[in-house]
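Chains as they are written, first to last, in UniProt numbering: chain A, 1 to 309; chain B, 1 to 428.
Where hints are given, some of them may not hold.
Claimed, not checked - With a cut-off of at most 25 Å between alpha-carbon atoms, the simulated DSS-like pairs for lysine-lysine come out as follows:
| no. | chain 1 | residue 1 | chain 2 | residue 2 |
| --- | --- | --- | --- | --- |
| 1 | B | Lys179 | B | Lys165 |
| 2 | B | Lys259 | A | Lys148 |
| 3 | B | Lys409 | A | Lys148 |
| 4 | B | Lys240 | B | Lys179 |
| 5 | B | Lys160 | B | Lys259 |
| 6 | B | Lys165 | A | Lys148 |
| 7 | B | Lys165 | B | Lys155 |
What the hints contain is simulated information worked out from the structure, not anything from laboratory work.
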Amino acid sequence: MTDAVSTATRPGRSATAETVRRLPEYLMIWVPLLLSAAHLITFSIWTIWISFTPSTLIPVSGWVGLRNYNSVLASRNWQIAFDNLLLFGSAFVLLSLITGLMLAILLDQRIRGENVLRSIFLYPLAVSFVVTGTVWSWLLNPGIGIQKLVHDLGWTSFRFDWLIDRDMAIWTIVIAAIWQSSGFAMALFLAGLRSVDSDIIKAAQIDGAGPVRTYWRVILPTLWPITITVVVVQLQFAISAFDLVRALTNGGPGIATQLPALVVYDLMFQRSQLGRGAAAAVLMLLILLAVLLPYAAWRYVQRRQATHA
Amino acid sequence: MPITTTRRRLLAGSAAALALPAFARAQGAAKPRLTAISQWSAGSDGAAITALGRKFEEKGGVWQHSPVPGFTTEMMNKLRAQIIAGDPPACSQLKGPEIAAWSKIAPTVDLDAVVAAAGYEKVVAPDLAKLHKPGGKWIALPLQIYSTNMLFLSKRALDKAKADKPPVTWADFNALAEKMKAAGVTYPFANGGTRADDGQKFEASLAGISPTAYRAACMNLDKKALEGPEMKAAFAQMRKLTEWMDPNVGAQPYAVNLKRFIDGDMGMLIMGGWAQGVLKNAGFKLDDFIIAPGPSDNGKPVFLLNADAFIFWQRKEADLQAGQMLMAQLVMDPAIQTMYSQITGSIPVRTDVDLTGEGWSDGQRTTAAALKNAVANNQAVLSLAHNMAQENGLTAAMIDVFTEYAKNKTIKPEEAVTRLAEAVEGAR
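Throw the hints in and build the complete structure from the sequences for me.
The following block contains the structure:
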């Protein structure tokens, strides 16, 4: 409702009275928004400042230039963490997207017990990542988990020891993370599928398109905005992943499954190197921006194209 | 609990007893009060500090303990916040070189007079004493000691291997491990997979090979020692240990394997003395296993020291100052140390406490004897893996190398030596 319209519909009121009447609305939106923006900006600037100081146990003033950044970037921990992030981030986002979409399509077939199944698939989301990590660390442990189960069943040559394999351990985190959050992707996709205009689907069917073709050419393209949402939400989770890894592998075996958030925590609180930890945190922020800025730019271009069209 | 009384201790005790009222008068006879933070909230740790608090109250003090459960990091965050706010606790748990590091960010109490009155310095291992007087003055007091390289032997695994004596040198150890392996013990070396656990495997290896090299490399970060032949030998010994370990433990703590250890499916464990408490709490009997000092190639025990301590922060309030003095006296008191160690399973810091009586386990007696022997032979050194030898930043950088080496068998010992030297250089 614009001012012009509301003034027009209530001809007796003055402009001031109108502003006063709408004051709660402004307060409702702007106060929390400004507060959170202030928090975000203040703490970000604070962290950036700390990252340039020689702070160790407590924040101190001073200027060390890029020393903290150089030290973090040169450390083996960070290099491994960064490589892992690229692998974990892309694998997790892609696979959870595919799993979520498949689940949504299957659930969309108007099957019996849909509500129960939906709850089951969504349930992992209600479980904390720490619990997920702990449970999966037992399941994936070759000495007591799935591998042992299969061995006990008689198939003794079966091997599933990714958790203790330096090269594969990162995939165990991918598995646990997908288990946890593909339900979330499924829920969003299901909502998207349900909101597709049934007339379009009928039209496609009349034109003689089979179910696969209907999904591929007609329904899925309409899910594009939802896909973007899922990707962005999952990506920010991937970049800030901490509790899951901490409980599942704690960066191990050795330092093979380090992730940036673990490195930040480790530097700040275990190693008492606040300055270096802050530098690592700022690097994480830069990674996040590297993902979000192109997305924002893309949205901007899209919107401009839409208005021009 | 019998404690041998010496003339010196009687003198020290009476001196302290005389000093206390004088001090109290100087403070305007304020009722001693102590604000303390520690991470000890539950289990035997919680029980021990609660008992200490009760003793404090019996002496007429007001005990205000705020435990911060969880990891040390959580407690440190509280300490950090309180120091920044200008309101440090009268005393807080803190150990190792962190005492020196933290003492630079807030003023601490000079405990020299009260330590001298108690004659405490003579009964504390020298390397340990040094940690608690970083600027030449006592500012913190060690409370209890664990050795991080005690050797635990499973009786059943020993039976399987038809052996009955604990190994003394690394060669003995390796031979016994092979024997166990041949006799059907699946994993002769019990282990966990945490960072500290991997660090412990290295420090036990190196200290057992040469305590002198250990002191130079891990405690003094001497560049030559860090690249010396003992380091390579230590990494090689550590590699042997990893060959006898269960690779399936992942990042789990050592305690998950204790049942297999007692059952004889795993043979030997190198762990801190706290493992006996854990074993006892898990319902295992003390005669299911033997405790001996960790392997030492020169035959004399090497003691890797890990000590919990209290640091005292300067406060202006008279009652808090009186409380600090009372607390200091309690912590150094042999009776209190006896009570504390008997609850937690550690050994007293004082090397003159008699452990022959009731309430002590064989494991504690063995540990105390090892400490005495190691101090006499200058073979008591500070644990790196448990943050006693270096500040956290350096320790963590070094443990990165150990933990990667433990899990990656393609890294050669000489490569590991180079990496360790680089890690130390990078973290300085």
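Going down the list of hints, with the structure as the test:
About 13 Å separates the Cα atoms of lysine 179(B) and lysine 165(B), which keeps this hinted pair within 25 Å; it holds. Taking the CA atoms of lysine 259(B) and lysine 148(A), the gap is about 18 Å. The hint holds against a cut of 25 Å. Our distance criterion of 25 Å between C-alpha atoms is met by lysine 409(B) and lysine 148(A), whose separation comes to about 24 Å. Taking the CA atoms of lysine 240(B) and lysine 179(B), the gap is near 14 Å; set against the 25 Å cutoff, the hint holds.
This hinted pair checks out: lysine 160(B) and lysine 259(B) have alpha carbons roughly 16 Å apart, not beyond 25 Å. Restraint check for lysine 165(B) and lysine 148(A): the C-alpha separation of about 35 Å exceeds 25 Å, so the hint is violated. Proposed proximity of lysine 165(B) and lysine 155(B) is supported: the alpha carbons are some 10 Å apart, at most 25 Å.
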